[in-house]
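Protein chains: 2
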Amino acid sequence: MTNIYDSAYDLEKAIRESEEFQGLKQAYETVMADESAKTMFENFRTTQIELQEKQMQGQEISEEEVEQAKKVVELVQQHPDISNLMEQEQRLNVLINDVSKIITKPLEELYGAPEEQ
Amino acid sequence: MTNIYDSAYDLEKAIRESEEFQGLKQAYETVMADESAKTMFENFRTTQIELQEKQMQGQEISEEEVEQAKKVVELVQQHPDISNLMEQEQRLNVLINDVSKIITKPLEELYGAPEEQ
Ligand SMILES: [Ca+2]
Ligand SMILES: [Ca+2]
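Here the protein sequences come in this chain order: A and B. Just so we're aligned, residue 88 is where the first sequence starts under our numbering, counting upward by one. Just so we're aligned, residue 88 is where the second sequence starts under our numbering, counting upward by one.
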């Protein structure tokens with residue numbers, strides 16, 4: 088019987104050494120090293136989180152806020168370093184979601200098919 | 088470089104074969120095999136999920152609902168098979184949380200300490 092913690096640390100190491108994580112790390116450091124890119128990215132992230140929190144709390148999001156959010160997205164997408172960072176994040180998200188599905192399979196089988204989220 | 092998917096499947100196997108998961112499986116099957124315990128447990132779960140959804144959506148939870156929920160909890164805690172199932176669930180949750188912290192460490196290090204949730 089393999090130890091769960093040993094397996095978890097092996098997986099952590101595999102994630103850390105993966106091309107996907109290394110690509111994200113480099114993209115993140117590139118953005119963080121450029122003051123104007125850093126500020127733009129952080130504004131974008133803050134706007135995203137604020138809108139998500141409102142949505143989760145069932146608060147109404149005004150047309151103005153939607154417009155403002157769209158503008159911020161358009162702005163960051165035009166910045167090659169930031170759009171690269173977002174692509175790298177997306178890649179790693181796919182990987183982490185796959186991993187999460189794999190390791191929660193025993194629970195899913197036990198409790199039945201999960202409801203659509 | 089270890090493959091992430093291989094490591095994830097190893098971890099899944101370790102979870103599936105663990106004492107914690109096997110204990111949960113047995114506790115779950117015991118409750119499901121007893122019609123009245125099954126109904127009681129499912130009522131409890133439904134009440135919990137409804138309250139959680141209300142809370143997440145920022146809806147007010149009435150005093151009556153809180154009282155009702157407390158009664159349902161007291162009821163299930165008195166049922167040995169159900170309280171055993173809840174303990175086994177708690178045990179596996181601790182394990183899964185630990186695993187989750189371990190494998191998200193690279194991301195946490197990259198993005199800095201996570202905000203308190
Ligand atoms: Ca289900
Ligand atoms: Ca932070």
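Any given hint could turn out to be false.
Repeated chains share a single entry, so a pair holds when one copy, or any two copies, can fit it.
[Said to hold, decoys possible] Think about it this way: if two alpha-carbon atoms lie no more than 25 Å apart in a straight line, the pair counts; the simulated BS3-like pairs of lysine-lysine are:
| no. | residue 1 | residue 2 |
| --- | --- | --- |
| 1 | 100 | 157 |
| 2 | 192 | 125 |
| 3 | 112 | 141 |
| 4 | 192 | 157 |
| 5 | 141 | 157 |
| 6 | 100 | 192 |
| 7 | 188 | 157 |
| 8 | 192 | 141 |
| 9 | 125 | 157 |
Worth flagging that the hints you see were computed from the coordinates, not collected in a lab.
Notebook entry, point to check: Any hints this thing doesn't respect? Which numbers, in order?
Noted result: Numbers 1, 3, 4, 7, 8 - these are the hints that the structure violates, sorted from lowest upward.
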